[in-house]
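If you want the building blocks of each chain, they are given just below.
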Amino acid sequence: SQTIHQWPATLVQPVGSPLSLECTVEGTSNPNLYWYRQAAGRGLQLLFYSVGIGQISSEVPQNLSASRPQDRQFILSSKKLLLSDSGFYLCAWSVGRVEKLFFGSGTQLSVL
Amino acid sequence: SQQGEEDPQALSIQEGENATMNCSYKTSINNLQWYRQNSGRGLVHLILIRSNEREKHSGRLRVTLDTSKKSSSLLITASRAADTASYFCAFTSGTYKYIFGTGTRLKVLA
Numbered sequence: 001s002q003t004i005h006q007w008p009a010t011l012v013q014p015v016g017s018p019l020s021l022e023c024t025v026e027g028t029s030n031p032n033l034y035w036y037r038q039a040a041g042r043g044l045q046l047l048f049y050s051v052g053i054g055q056i057s058s059e060v061p062q063n064l065s066a067s068r069p070q071d072r073q074f075i076l077s078s079k080k081l082l083l084s085d086s087g088f089y090l091c092a093w094s095v096g097r098v099e100k101l102f103f104g105s106g107t108q109l110s111v112l
Numbered sequence: 001s002q003q004g005e006e007d008p009q010a011l012s013i014q015e016g017e018n019a020t021m022n023c024s025y026k027t028s029i030n031n032l033q034w035y036r037q038n039s040g041r042g043l044v045h046l047i048l049i050r051s052n053e054r055e056k057h058s059g060r061l062r063v064t065l066d067t068s069k070k071s072s073s074l075l076i077t078a079s080r081a082a083d084t085a086s087y088f089c090a091f092t093s094g095t096y097k098y099i100f101g102t103g104t105r106l107k108v109l110a
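Same order as they appear, the protein sequences are chains F and X. Number 112 marks the last residue of the first sequence (the working numbering); no jumps. Number 110 marks the last residue of the second sequence (the working numbering); no jumps.
Just chain F, with the same shape it has in the complex (with noise of 0.2 Å):
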């Protein structure tokens, strides 16, 4: 069966710090990839999608960027966070054509 591995669960970073979030997927081959941002109580902002390896769409410019080395490994990251970078980060895959999305945990990502 499938599943999707997201971490950390929680982290603390100081302002100007870097970042890096890893989402592994496993037992599907060439799932569609999703990084999502969730302020605290509200919606799901789409910051970046690929469908396939290297190929990286962007929803949102700031300071935060994507990269998928691997087929079932996207990873999110930053050079320098910014106080407004915290917030719930998921992943997510999904196959196929706009069909349902499995989600990751999440990584309750807060910058001080």
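Quick caveat, the hints were computed from the structure, so don't treat them as lab data. Bear in mind that the values here come from a model prediction, so they are computed numbers and not experimental data.
Straight line, CA to CA, 25 Å or less: simulated SDA-like cross-link-like pairs of lysine to any residue: (1) F/100 to X/54; (2) F/100 to X/75; (3) X/69 to X/54; (4) F/100 to X/96; (5) X/107 to F/108; (6) X/97 to F/62; (7) X/26 to F/39; (8) X/97 to F/43; (9) X/107 to X/82; (10) X/97 to F/69; (11) F/100 to X/66; (12) X/26 to F/60; (13) F/100 to X/53; (14) F/100 to X/50; (15) F/100 to X/67; (16) X/26 to X/68; (17) X/97 to X/48; (18) X/97 to F/87; (19) F/100 to X/42; (20) X/26 to F/41; (21) X/70 to X/11; (22) X/97 to F/5; (23) F/100 to X/61; (24) F/100 to X/77; (25) X/97 to F/95; (26) F/80 to F/57; (27) F/100 to X/69.
Based on the hints, put chain X in the right spot on chain F.
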């Protein structure tokens, strides 16, 4: 903004009552989906309705879609305390992008 809008933002009901939440969107869509999120967790897919469908059922869930009004509703019948969560609609529009609504926080009182 492409984001969907949901109402109400929050809903509090007694166990056994029905809960209805609504979603509106602005673009043409391929399908519309509903997800559930327990506090501090990832989202879980509940139900998907395609643009050529008007109504769909799954257990205690009933979803309707009115593409002429660009709106959808989720009805949870005979609610239980365990239904307490946030509920989000999401839609896709010709690409691989899933756009989420603002969410409805449902609280079911025992």
